[in-house]
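From first to last, the protein sequence lines stand for chains A and B.
For the first sequence, counting from 1, position 114 maps to 100 in the numbering used here; every step adds exactly one.
Just add 4 to the spot in the second sequence (first one is 1) and you have the numbering used here.
Just to be clear, a hint being listed does not mean it is correct.
[Unchecked claim] When the alpha-carbon atoms are kept at most 25 Å apart in a straight line, the in silico DSS-like pairs for lysine-lysine are as follows:
hint, chain 1, residue 1, chain 2, residue 2
1, A, K112, B, K33
2, A, K412, B, K174
3, A, K335, A, K19
4, A, K180, A, K223
5, A, K188, A, K34
6, A, K40, A, K288
7, B, K67, A, K17
8, B, K33, A, K65
9, B, K174, B, K93
10, A, K304, A, K288
11, A, K201, A, K188
12, A, K119, B, K33
What the hints contain is simulated information worked out from the structure, not anything from laboratory work.
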Amino acid sequence: MAETTAVKTGMPAPPKKAEDEIPQLTGLIPKPKIVRGTAAHYKAYVAKPEIQEKLDFPGSLVDNWEEAAVRRLGELLEKYKSLQVYLDICVRCGSCTDKCHYFIGTKDPKNMPVARQDLLRKVYRKYFTLEGKVLGSLVGAIGFDLELLAEWYSYFHQCSQCRRCSLYCPYGIDTAEISMAAREIMDSIGMGQKYTNEIIGKVHEIGNNLGLNPKALANSLENVEEEIEEDTGAPVKLPLDVEDADILLVTPSADFFALPHVESLIGYAKVFHQAGVNWTLSSTASEAGNFGMFIGSYDQMKKVALRVRQAILELRPKRLVVGECGHAWRIAYSFWNTLIGPFDMLDPKYPRPQHICEFTLDLINRGALELDKSANDEFVVTFHDSCNVARASRMGDRPGGQFDIPREVIKAVVNRYVDMEEDAIKERTFCCGGGGGLLTDELLDLRIKGAYPKVQALRNIMDTHEVNFMALICAICKAQFTKVLPKFNIPMTVAGGVHQLVGRAVVLGAKE
Amino acid sequence: MSGLTLFYTAFTYIAIAIFLYGFLTRIWKYATTPSPLKIPLTPAPVQPAGAVYRIIQEVGFFKSLFYSNRIIWLAGYLFHLALAIVLIKHARFFFASTPVAFHWITTFEIWIGFIMLLPLLLLFLLRLVIDRTYYISIMMDYLILVLLMGIAVTGILTKYFVRTDIVSVKQFVMGLVQVRPEALPADPIFIIHFTLVMLLLIYFPFSKLMHAGGIFFSPTRNQVDDPRELRHETAWAAKG
Ligand code: HEM
Ligand code: SF4
Ligand code: SF4
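Between the sequences and the hints, there should be enough to build the whole structure, so can you do that?
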């Protein structure tokens, strides 16, 4: 069957369509009228058997896949309260329908959060509810067939799991939970996504998302050290695998050489150097990111996270600090204690784990850093709240610390700071459009659409306040914005890290 | 005793049994299904009392909806408010004489029925008019609204236009309560009203109407934001 093969192997890269045109920046974030099917052709590549099997998933679509999928859904319903409750209680009030950046960008009604959920709910109703069994399509119960599976694959990979919809739902229904479950089910029947699963495999094998082995990592760090010394004349070190250090820094591997990520790594190193703390990176835990969350797999997420525990046991640091990354901070802040805790071996005087912004702000407040704001005078800065930090974690000890602390850090190192419009920041922030395992080239057209609401807000503040730098605290946001901003005729250098700004302002040697 | 009375007596008991059994087993399921990970939507309260307050704001004022969509909020909130008042008003059928605690409620006269009906009509129209809600609506979304409108309309009629004999209704209900069947009031409007309510009760536990109980179990809203301070563990996850 031609359709079966298409589903099994994944679609080839789709031809350019009229729908793929870059959205116009008009000054307003619109509430579009729906246009059916505009995003149906966005399909992430399906994982090949060798990728799947590394994660103990079936290599390709299993023969009795409907049955297997329904069985897996049944298991997940027993395991996750969120899934069970959310599948039952949506009243289709419509409150969430205009809140998703992918809907705003693509206008495809299946990208409305409730419509995305309903793709799974159709199956849930059909096989798990009495009303579905008795009343059938009257209550939207639909049998699982290849057509529906293809829709699942397409639209559950058009959700960045950013939770913006949950904020606006009267019951807090979190589409991220639903799309994680759907992806877990698809993995279990052999329909995994190439990008995410390949990366998870790389972490198991080599230790990080970018596949940087310990030797390459050491080289990379040496290069950065040389670069800093050339620039500043100061012998700032980036220690690797040092035992009994005060601090173990776990950061996304992109920080080791991608741009602009590495600028933030330089920033952390300068902060540690100036604070005079004994710190280290680890080749075992050379990745803060954890794509196990994107595919909803508790086991994969735990297995990836266990590398951090192993590094703590090997190196015996006193404190654990996490670098700039959104989903990684969600997992570190919200899940690590459950997955790989308790952290009894770490110093209880400090949060376990601590965000690099919490760490830096603490130093700033104690006057431990000499800072020269004028080093950033060429910039007018704004800040993008990463969705996972904003809506799925915290910094500091007060609710909302995740908004204030990065802003306070930025304001301590720049003279001119201004926030974007209310509807696009803090808990209402729009996702960069590349989160949740969508940061892959075959989805670039979708990513441009998804970025559109946030880019609109950025464009507005650039026009009204001459902003020329958007500070980020997420490796995915950095990669996404540097790629998509030029499509909207905004220079990619507008996107950079918070600690990139910090690094520029730190006056080295002043407090020796 | 007439066959109709006998039939309705049995029907009522069965409907209530289905409602109670269905509702409670559903709630039991929500309460006992584990949440392996902490997933409150942040910023979230850092103390349990704060989480309770957060739920109260959602149940009492539909806070999230208010900040999201004012028209749906207005229609939805008015409907639920009227529904709550009407439900309390109905309590008078269960007491021989209306307790003092309920006197205030009798100040809501017949117009409370319209306050229930008009928002329902608005919710129905909004579904049709907004292209996004039209797209997501399934047949049952309309049917439930029709059922509720049916209940509201017949309720208004019994009170205002047909003037059902309250005393005989009360006798019928008290008979049911005391398991001592009394004659079903011979008033077609009342019988329709009563039948629709029983249908609603039967359908309730199997439908989206379970939002009435489910909202209390929504992890993004009822969890406390304290994962660094308290290690969160659940049985199945601890094994894995
Ligand atoms: C704890 C009690 C309850 C709470 C907190 C609650 C809350 C809500 C909220 C926030 C909505 C979405 C807004 C809207 O569309 O109107 C809603 C919708 C709805 N509720 Fe409730 N509700 C409760 C009990 C009930 C009960 C007992 C019924 C009825 C029999 C009911 C019937 C409905 C219906 C039919 C809708 C959908 C309206 C539409 O079609 O848009 N609710 N509820
Ligand atoms: S806001 Fe919540 S209840 Fe309303 S349609 Fe969306 S998911 Fe369903
Ligand atoms: S979680 Fe984010 S991306 Fe997914 S449906 Fe909700 S708003 Fe859209």
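Hints, one by one, checked against the model:
At roughly 19 Å between alpha-carbon atoms, K112(A) and K33(B) fall within 25 Å of each other, so this suggested pair holds. A C-alpha spacing of about 55 Å is found between K412(A) and K174(B), which places the hinted pair above 25 Å, so the restraint is violated. With a C-alpha separation of about 53 Å, the suggested pair K335(A) and K19(A) falls outside the 25 Å cut-off, and the hint is violated. Our distance criterion of 25 Å between C-alpha atoms is broken by K180(A) and K223(A), whose separation comes to about 37 Å.
In summary, the hint linking K188(A) to K34(A) is supported, as the alpha carbons are separated by about 14 Å, within the 25 Å threshold. Of the pairs offered as hints, the one joining K40(A) and K288(A) holds, with about 16 Å between alpha carbons and a cut-off of 25 Å not exceeded. Proximity of K67(B) to K17(A) is assessed by CA-CA distance (about 22 Å); at most 25 Å being required, the pair is judged to hold. For the suggested pair K33(B) and K65(A), the alpha carbons sit about 11 Å apart, so the restraint of at most 25 Å is met.
With a CA separation close to 13 Å, the supplied pair K174(B) and K93(B) stays within the 25 Å bound. Of the pairs offered as hints, the one joining K304(A) and K288(A) holds, with about 22 Å between alpha carbons and a cut-off of 25 Å not exceeded. A threshold of 25 Å between alpha carbons decides the hint, and for K201(A) with K188(A) the separation of about 16 Å falls inside it, so the pair holds. A hinted pair counts as satisfied when its Cα atoms are at most 25 Å apart, and K119(A) with K33(B) qualifies at roughly 19 Å.
The structure shown violates the earlier hints numbered 2, 3 and 4.
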